[in-house]
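Enquirer: Next come the chains, spelled out residue by residue.
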Amino acid sequence: EDKVVQSPLSLVVHEGDTVTLNCSYEVTNFRSLLWYKQEKKAPTFLFMLTSSGIEKKSGRLSSILDKKELFSILNITATQTGDSAIYLCAFNTNAGKSTFGDGTTLTVKP
Amino acid sequence: GAGVSQSPSNKVTEKGKDVELRCDPISGHTALYWYRQSLGQGLEFLIYFQGNSAPDKSGLPSDRFSAERTGGSVSTLTIQRTQQEDSAVYLCASSLGGAWYEQYFGPGTRLTVT
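Residue numbers (our numbering), protein chains in the order written: chain A, 907 to 1016; chain B, 58 to 171.
In short, the hints are calculated from the structure, not lab data.
There may be inaccurate statements among the hints.
[Said to hold, decoys possible] Cβ pair distances, simulated, as ranges: (1) B:128 to A:923: 48 to 54 Å; (2) A:964 to B:153: 16 to 22 Å; (3) B:60 to A:907: 31 to 37 Å; (4) B:111 to A:968: 37 to 43 Å; (5) B:69 to A:911: 32 to 38 Å; (6) B:108 to A:908: 20 to 26 Å.
Backbone N, C-alpha and C define an ideal beta-carbon position, used for all residues, glycine too.
If we strip away everything but chain A, and leave its shape as in the complex, we get (with noise of 0.2 Å):
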């Protein structure tokens, strides 16, 4: 059964911290990893990823995907307060279905 496993489940930092989110996935036809950021209902795209090792940057966040060992990290530098959301980790198969992870509940305090 495929499945996205998402670590840690909550996570309490400081302004200022640097945090890694952790996704790991086994799914048999494996195309894209995707991560959302969610804050209150609907959940907004951050980041595809398709290709091992290839680093995708936009401002204070960051992520890569290795799929040898099946796995991606969401890194988010100098956090803010407007950065608490739980993030979230889907992969698309080749059909374009979706499964998400639980995902990773970020509190940044001031």
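Given chain A, put chain B in place with the hints provided.
Expert: Showing chain B alone in chain A's frame:
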């Protein structure tokens, strides 16, 4: 442009009643997804429509759940004979289709079964 919209935003129903949840995807998006999210949980896949292909219904939890997509656009998720365990936020998403595109999510419908 307009994003994904869902209605109603909140629905309270009595156990045993049927409910219909609506999703209007982004214009031009061929793929449409329904997910369910219980408190503190991730997104549980329910059903996936891609163009004119037969939908992937593999995530529907029981035969009380069904979904339609009319004209390749608007979708309705129907839950018959609702149970308390159906209480959750139901999220709809759309994308340009296939594995190479990210999904755009609607604001969700919070369903409460009393």
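Enquirer: Evaluate each hint against the coordinates.
Expert: Results of checking the hints against the structure:
At about 49 Å, the beta-carbon gap between residue 128 of chain B and residue 923 of chain A stays in the expected band of 48 to 54 Å. The beta-carbon spacing between residue 964 of chain A and residue 153 of chain B, approximately 20 Å, falls within the hinted interval of 16 to 22 Å. Range check, residue 60 of chain B to residue 907 of chain A: about 32 Å between beta-carbon atoms, so the 31 to 37 Å window is met. About 39 Å separates the C-beta atoms of residue 111 of chain B and residue 968 of chain A, a value consistent with the hinted range of 37 to 43 Å.
Between residue 69 of chain B and residue 911 of chain A the beta carbon distance is about 34 Å. The supplied range of 32 to 38 Å therefore holds. Taking 20 to 26 Å as the suggested C-beta distance range, the pair residue 108 of chain B and residue 908 of chain A conforms, at roughly 22 Å.
Comparing the model with each numbered hint stated earlier shows that all of them hold.
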